[in-house]
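Trainee: These are the residues of each chain, in order.
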Amino acid sequence: MSENGTFKPVIVGFLCNWCSYRAADLAGTSRMGYPATLRDIRIMCTGRLDPTFVLRALEKGADGVLIMGCHPGQCHYQEGNYKAIRRFALLKRTLRQFGIEEERVQLHWASAAEGVEFAKTVAKMTEEITALGPLEWSRNWPNEDPHIYAEEAAHE
Amino acid sequence: MTKKTYAYYPGCSLQHGNHAYGVSTEAVARQLDIELVEIDDWNCCGATEYMSINRLPAYALIARNLARAANENGEHDLVVPCSACFLNLHKTDKQMKEFPEWSEKINRSLAAGNLQYEPGTIKVRHWLEAITTDFGSDNLKTRVKRPLYGLKLAPYYGCLVARPDSVFDSTEQPTVMDDMLAALGAEVTTDFSLKTFCCGGHMTQISEETALGMIHQIIHNAVQAGADAIVTLCPMCQLNLDVYQGYANNLFETDYEMPIMFFTQVIGLAMGLSPKELGVGQEFVSMQPAIKKIQDVPPPKPKSERRPKQALPMPVMPE
Amino acid sequence: MSKPKLALYWASSCGGCEIAVLGLHEKILDVAEAFDIVFWPCVMDFKYEDVEAMEDGEIDVCLFNGAIRNDENAHLAHLLRRKSKVMVAFGSCAFGGSMPGLANFNDREQMFNYIYHDSPSTDNPDGIVPQQRTDMPEGELVLPNFWNTVKTLAQVVPVDYYLPGCPPEASSIETAVTAIVSGELPPPGSVIGPDITVCDECPREKHEKKISRFYRPQEIIPDPDTCLLEQGLFCAGIATRSGCGARCPQVGVGCRGCYGPNEGVYDHGAKIMTGIASVLDADTPEEVEAILDTLPDPAGYFYRFHMPDSLLRRTARTNGKKLLASEQVAASEL
Amino acid sequence: MSENEKRVGVYVCHCGHNIAGTVDVEHVAEWAYNLPNVIISRDNKFMCASTGQEQIEEDVKEFNLTHVVVASCSPHMHEKTFRNAVERSGLNPYLFEMANIREHASWVHPDDQDGATSKAKALVSAAVHRVLHHEELTPMQVEIRPEVLIVGGGVAGIQAALEVAEAGHHVYLVEREPSIGGHMAQLDKTFPTLDCSACILTPKMFDAGSHPNITLLTYAEVEQVDGYVGNFTVRVRKKAKMVHEDLCTGCGTCWEKCPKKVIDTVFESGLGYRKAIYRPFPQAVPKYPVIDVETCIYYDTGKCRACEKFCPTDAIDFEMQDEIVNLEVGNIIVATGYDLFDPRRIPQYGYGRHENVFTSMEFERLVNAAGPSDGRVVLRDGETTPQSVAIIHCVGSRDKNYNGHCSAICCMYSLKFAHLVKERTEAEVYNFYIDMRTIAKGYEEFYDRVLEEGAHFIRGKVSEITDATHASEEEGKLVVVAEDTLIGKQRRVPVDMVILAVAMEPRADAEEVAHRFGIGCGDTGFFTERHPKLDPVATVTEGVYIAGACQGPKDIPDAVAQGSAAAARVLSVISQREVALEPVRATIDEEHCSGCRICNTMCPYHAIDFIEADSVSRVNPALCKGCGTCVAACPSQVISGAHFTFDQLIAEIDGIMVDVNIDEPLVAAEMV
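Residue numbers (our numbering), protein chains in the order written: chain A, 15 to 170; chain B, 8 to 326; chain C, 9 to 342; chain D, -1 to 670.
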């Protein structure tokens, strides 16, 4: 949340080293602007994406997670992105059961040449998540422990 | 084969200007055990002009037909013989599907008439495409009672069904009607290049000279290809090529008499129906000379033209 | 020298852990011999006041089973923590939340509505719902506050050791007790037991895996010698700590995951998920979805024993809103 | 090293104005002191300059730094630079991490300085958190076999083969067709010098065929590649030629006597004929024929055997079987070339319908003195000389419906065609182009020359080529319809002959081949080089190089240059005797591996073996490419991916979220 109260989402990105990270580089060298909402982490391949990482990002307060890899059939490691497709599908079903909107965790493809597409994807996702509002996952964990209240009361 | 049922949108042309298309459509449907259930209280498709004047009422007008079809015959595909009607109905469904904001606006308009249309509910299909896909040329061949031996036909698709997204095999050089006509026993012109060329459309009302030029070119090309008749699937094309043929002859000082037949009339003839049952006789350029060309026995196979010894081979067509 | 003092307590649990202690059979006598049992409400008549009266740190070891679901559970967790030198989260409920923790797929309000109104077996024509406070002639009766979110023991008080299992196997308990008695304890914060996986102990033959569809247990009779997962039966053994001797898969039932994740894992469900998803025999999203359609309630499978202990801990709170159809699957599994 | 012994140095680069113009660099550097274990944090105008690098070296010594973070540009730009600097300072180069605050922050958020600065802080924090988990890594050394496999016997492959062979190493040159030579052998003249293609290629083909260090494997295809740089095992299928090369003298009696004439769709591009037993062209290397079993009468009817009867040396063997050859090589150069666009995909151009529409390769054969018309420019009837010829540029190129890319050579060969038509006929020549691209030495001069020769140039994309005529001068001709964009009018140009300058496309099986060799395909379908500018012939698979048009459209000089370049790269690797492999690799903790075998199908490089005896899986480090797919799959988390470990990535996530406050869960408002 920015200071003036308008909601600016925080999106954690997982970009594969060969296609999508380079697409992001290209967006940079071509000065294609997009919202400063994405904070990206480089992995060698979307095949490296352990679902734990997505859950961790959400737990730590991310409003969304964007996973991007090479187009199917163009994986630098031949088929890592197919594994990502499988894991993402199951993760998505699981997150649905956790009540997390589908727009918050997305999987997209961008080749190293698709700087424009990369920028568009970030802009679109930012728009979608801005419409949904903050996730702030830890708000779902009420502290109901009476002892903590007791201690807090003692402090006051 | 079980009876196949379609919802049916005749459009205004088939009832009035091109009555022969309507008559022959219904006659052929009966022959092929196809039931056509006309949408109750259908309205004008807006032709093609309304779209460029005001899009929302134009779409709403068309969507009303889709909504009625969905209410009555939601489980059946909707067949449309007129190319302009087809394009408009197809386009409206697509527009609503791709742009939810349009779908919402259009549905707000429809609500005034207590109607509602969920895009994608109705599959809009051109009558020729429905016959060639669902019934199939091979199947059609088994129903032929009077093969069209000796008749050379130029298949003419026009522009509205072929573009922008063709329901046929190609936007530029479709071949489904070619195959169908061949299945009926007719000879099909292979070098009729203008099969998807524009017939001039409503240009006849705007710049007659331009329109006549276009019409003349199509007929000229069919004549050069040796066709006895042009076969069309669109009332507008038939009207332009048939009614304005004389004017074109006057302007270009030619004396072509090229009959313009609906594909339904051609199927009907091959099924053994009489020309009268197919609305033959309502046209300006008489079809009779062409119909008289039909022989009882297949013409002798033309000797395959031997290419001269020094000629270079034509490109090998892929399998 | 006086014997070390032992306390046992059950919070939100089924009682299976208590039975498991008794499952030590004759060895229970050794426990009784080795320890001075100062608190065990399930077996012996102690009062909370007895514990409150103890000095802080007076109890040497507390075996605490059950999740923390209400104020009373939390109160006893804090009390026993204060009074005990060593706090052991005993069994899967105290460790990861386990069955009570599955309530975190819902909110309190949804559960109460279901239990007191909507469940097919509920017969409550007057719509009576338990009240937290009730005035009686004898005075006001107060029920402990029922929490919206179930927690693990470690989320309420510091825990020294974890003993997983639903319930812990007798051999695991024995290992733990022996370690405590001998004083040869692993570093605090450890799970007591070997860091191996159920597959290690499972005698079924394993091959290169490809899953083209899932079966529910009633749908097929599995081949007795082949890995269950390869046959399309859900089995969490690939991602679950062993110590149980792979009991379930040995009798043809897929591992449920009760011993929890291996060392270093942050989220048990994520590991089961990634293992299973990786070997789906599909490459296009459509093919993947078709296979996954045969696996209902994936989150229920993945987080059966470690929902409160997972990274997300619970579902998004609905604030009483109606559940999405997809979420109802999870709810009906409860 | 315990946690509090770790000492991190952070360097935030201005990159002149490139970063500092948007990101508050001083603030980021100052703020970084809040991050764990940061001992020194500085901003610097240009970190990649020698002063920036020296700053790192000095600080490591002065402050006893153990880890280094540089926040600057993309690691694809300068990761190596800074790793070297870190190594010079005495630290292991992998105890370094880079935060990309230029391409991923300042350049993409120019209008949001606060946003860009916050993002830069998050990325720096991520790098600091991550680097604390970095471990010392050492590249693995692998021995290099000197033998080289070259796939594709076109001009690029031949050039590479000769370079390597001349250097004294053995080359296996595998070619799919019965002869090496590739597309260049089909051409008549080459632009812009107009020297005869065969005259300059044939000697090279002969050299390749007779070089003691080159083994030619023609009519053969690579089926499988295993292994890694220095130690590849390659399985090659040599298709049965039905002719014993040790007996055959190449006398030609067999194809003279063969009664079966078929259209030659490969060498003659469909414009000429060959026999069922054939040698593709007279200068073929090797000179021996093969029997095409698809068209041979004997394989169809069981009769004929004319070639066998007439062969003076009994070289024909109808029972010959395919042969499998296994090769051991250290490096591979893939030079598989290109396919030509099939213009039937643009039906409005009428190829296949209008007989006098030709493809560019058909025209090459037509003007070739050894071609089907003996070099006469004639229509398809074989005798009429055209009075007018249209050359349509960009057929299937620069067109989103087919190929977005420019095929690079069409402008020039179209100019060459214009010249040849002018030279050999009286015809008018019309070039329909979108843009003229004459970019290399001597090309623009050639364009001038053709302009002066009187060829017409019409700037406009052709909408159709039709035989439907308008006016009497069009009768019997093909009408080329296009908008002339320079005069803003539609033109209808009636001509006798149309030549379609068809696009260069990736080979139809490029994706399959790429997969076999561990190469990537870009979105145009051509093979992807490791770096488009700085590493144009290497690929992501170490030991596999690409050369020629398989990498992208290019002309002969460029293909030859790439052949030489790939050879030079290979020779440099061979001369090192061993090679260092990136240590980003997976390892399995066998003590904790349960043998569940989930990971076994994850690896596309077959680097994971299941050790039955120990019931554990094991990674062959030389085969592993470090993608991490198995690491993410391991359900008991016992596979570790060096430099992308679980702890490193979790730390990076935690670091990147450092400013998002979630540590204090809110007190529930709706407590009963």
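Be aware that a few hints might be false.
[Said to hold, decoys possible] Straight-line Cα separation of at most 16 Å, EDC-like style, residue types lysine to aspartate or glutamate; simulated pairs: (1) K138(A) <-> D482(D); (2) K214(C) <-> D109(D); (3) K22(A) <-> D607(D); (4) K148(B) <-> D40(B); (5) K106(A) <-> E297(C); (6) K10(B) <-> E108(B); (7) K106(A) <-> D168(C).
[What the hints assert, rightly or not] Here are some, though not all, of the chain B residues that point toward chain D, as calculated from beta-carbon distances under 7 Å: (8) S173; (9) T182; (10) V183; (11) G288; (12) Q289; (13) L319; (14) P322; (15) V323.
Don't read these hints as lab results, they were simulated from the structure. Positions of the beta carbon are idealized from the N, C-alpha and C atoms, including for glycine.
Trainee: Taking the hints in turn, state whether each one holds.
Mentor: Going down the list of hints, with the structure as the test:
1. Proximity of K138(A) to D482(D) is assessed by CA-CA distance (about 40 Å); at most 16 Å being required, the pair is judged violated.
2. Proposed proximity of K214(C) and D109(D) is contradicted: the alpha carbons are some 57 Å apart, above 16 Å.
3. Between the alpha carbons of K22(A) and D607(D) the distance comes to roughly 48 Å, so the proposed pair goes past 16 Å and is violated.
4. Taken as a hint, the K148(B) and D40(B) pair is honoured in the structure, with Cα atoms around 15 Å apart against an allowance of 16 Å.
5. The suggested pairing of K106(A) with E297(C) holds, with an alpha-carbon distance near 11 Å, which does not exceed 16 Å.
6. Simply put, K10(B) and E108(B) have alpha-carbon atoms about 39 Å apart, too far for the 16 Å limit, and the pair is violated.
7. This hinted pair does not check out: K106(A) and D168(C) have alpha carbons roughly 35 Å apart, beyond 16 Å.
8. For the restraint placing S173(B) at the interface with chain D, the shortest Cβ-Cβ distance is roughly 11 Å, beyond the 7 Å limit, so the hint is violated.
9. Below 7 Å, beta-carbon pairs count as interface contacts, and T182(B) has none with chain D, the closest being about 10 Å; its hint is therefore violated.
10. With 7 Å as the threshold, the beta carbon of V183(B) stays out of range of chain D, its nearest partner Cβ sitting at about 14 Å, so the hint is violated.
11. A cut of 7 Å between beta carbons decides the hint on G288(B): the least distance to chain D is about 30 Å, and the hint is violated.
12. For Q289(B), the interface hint is violated, the least distance from its beta-carbon to any beta-carbon of chain D being 28 Å, above 7 Å.
13. The beta carbon of L319(B) is positioned within 7 Å of a beta carbon in chain D (closest approach about 5 Å), and the interface hint is therefore held.
14. Evaluation of the P322(B) hint against chain D yields a held restraint, the C-beta minimum of about 5 Å falling below 7 Å.
15. Evaluation of the V323(B) hint against chain D yields a held restraint, the C-beta minimum of about 5 Å falling below 7 Å.
Hint violations for this structure: numbers 1, 2, 3, 6, 7, 8, 9, 10, 11 and 12, all remaining hints satisfied.
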